[in-house]
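2 protein chains.
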Amino acid sequence: MEERVKQIKQQLSAHNYKLTPQREATVRVLLENEEDHLSAEDVYLLVKEKAPEIGLATVYRTLELLSDLTIIHKLNFGDGVTRYEFRAEGAEHHHHHLICLNCGAVDEIIDDWLGPIEKRVEKEFDFQIIDHRLTFHGICHRCKDQVKDPGKLVGSKVT
Amino acid sequence: MEERVKQIKQQLSAHNYKLTPQREATVRVLLENEEDHLSAEDVYLLVKEKAPEIGLATVYRTLELLSDLTIIHKLNFGDGVTRYEFRAEGAEHHHHHLICLNCGAVDEIIDDWLGPIEKRVEKEFDFQIIDHRLTFHGICHRCKDQVKDPGKLVGSKVT
DNA sequence: TTATCATATGAGATTTGATATCAATTGAAT
DNA sequence: ATTCAATTGATATCAAATCTCATATGATAA
Ligand SMILES: [Zn+2]
Ligand SMILES: [Zn+2]
Ligand SMILES: [Zn+2]
Ligand SMILES: [Zn+2]
Chain A
1 MEERVKQIKQ QLSAHNYKLT PQREATVRVL LENEEDHLSA EDVYLLVKEK APEIGLATVY
61 RTLELLSDLT IIHKLNFGDG VTRYEFRAEG AEHHHHHLIC LNCGAVDEII DDWLGPIEKR
121 VEKEFDFQII DHRLTFHGIC HRCKDQVKDP GKLVGSKVT
Chain B
1 MEERVKQIKQ QLSAHNYKLT PQREATVRVL LENEEDHLSA EDVYLLVKEK APEIGLATVY
61 RTLELLSDLT IIHKLNFGDG VTRYEFRAEG AEHHHHHLIC LNCGAVDEII DDWLGPIEKR
121 VEKEFDFQII DHRLTFHGIC HRCKDQVKDP GKLVGSKVT
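Protein sequences appear in the order of chains A and B. Heads up: the first sequence begins at 1 in this note's numbering, then just goes up one per residue. Heads up: the second sequence begins at 1 in this note's numbering, then just goes up one per residue.
If you are wondering where the hints come from, they were derived from the structure by calculation, not from laboratory data. There may be inaccurate statements among the hints.
Unchecked claim - To be clear about the criterion: a stretch of chain A counts as covered by chain B if any three or more of its residues have a C-beta under 8 Å from a C-beta of chain B, and this derived list gives those stretches: (1) 23 to 34; (2) 101 to 115; (3) 141 to 155.
Yeah, the Cβ is synthetic: ideal placement off N, Cα and C, and Gly gets one too.
Using the sequences and the accompanying hints, generate a full structural model.
Following this line, the structure appears as structure tokens:
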């Protein structure tokens, strides 16, 4: 933890940014909830618990800054709010997500399974891939028993 | 064209909805721009050209309705606006998109290349897939010559 | 035709996520 | 201590989307 805060501090100063108390509080919240996919509002509420004087705008600015430096990653699951998570260190691409349409849980596929498909895209479409996004929407293993008609769940969801 | 309007009219009445003039105008705009990925605002402006009296709320309501009936598909490319496109007839899953980070063009991979990966997801994660979203972000073949440092393009983009 | 009634519509208000503005504060470097 | 740019917090603003509600429409029955 202290380790990673220090590392982030270095990444910031390498770009002439300081790790202010507000930024540090925000970073710590992100680290403490690394397994989740928090929205800006989520982060704001959690940061306020330890640093009540912080403003919402500062949280947004900090998230944007960490995003610019590719320390964290902005995600959009189509539910109207941007979410944030740490980038796996050294990971070139983003991992994949499994979103349950019944309970909303977000599980992850850490490995990158798209290698062969990316090769094909670059070749057949002459398209130079920088990043990708792969999300599966469906019923998670925890919900599979209580959902009878999955077809009803798709409807007007944004994908 | 008339063919497809009639077909949609039937799909609507099968669910006790009428193809009102406003809905028909909206459907025709979607059909006439099938190759694009229009936002609600785009649709609104185009519909207004032929039916100036239409209200924005009606366009939103119509798009939502067509979405509910899975006649069209709601898309989210992370740029803050929801986009709409016709669902390929009979297509269970949605096709894939190539989004150019330089010019914003959206190209399509019509075939579904995810079959093997989906099998793996269902097996390894016990996750029942209903739909998926696969988007590649990068440099399209039209832009590849004018972009020198693609790394700079990723930054804080939402994915 | 006229009355009835559920459905659909348009204008505008409201909500919500996110960004911009700007005066005040901080803090590093003289 | 002085300076000066970076940062912050409160608030205004913006845009997308939804909600409200009075009115309009259109099918049906008398
Ligand atoms: Zn679930
Ligand atoms: Zn994730
Ligand atoms: Zn391009
Ligand atoms: Zn498409």
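Self-check item: Given coverage of the stretch 23 to 34 of chain A by chain B, tested with a Cβ cutoff of 8 Å and a minimum of 3 residues
Solution: violated (count 0)
Exercise. Can you take a look at whether the stretch 101 to 115 of chain A is actually covered by chain B? Rule is 3+ residues, C-beta closer than 8 Å.
Key: Check passed, 5 qualifying residues.
Self-check item: Given coverage of the stretch 141 to 155 of chain A by chain B, tested with a Cβ cutoff of 8 Å and a minimum of 3 residues
Solution: holds (count 7)
Checked against the numbered hints listed earlier, the structure breaks hint 1 alone; every other hint is satisfied.
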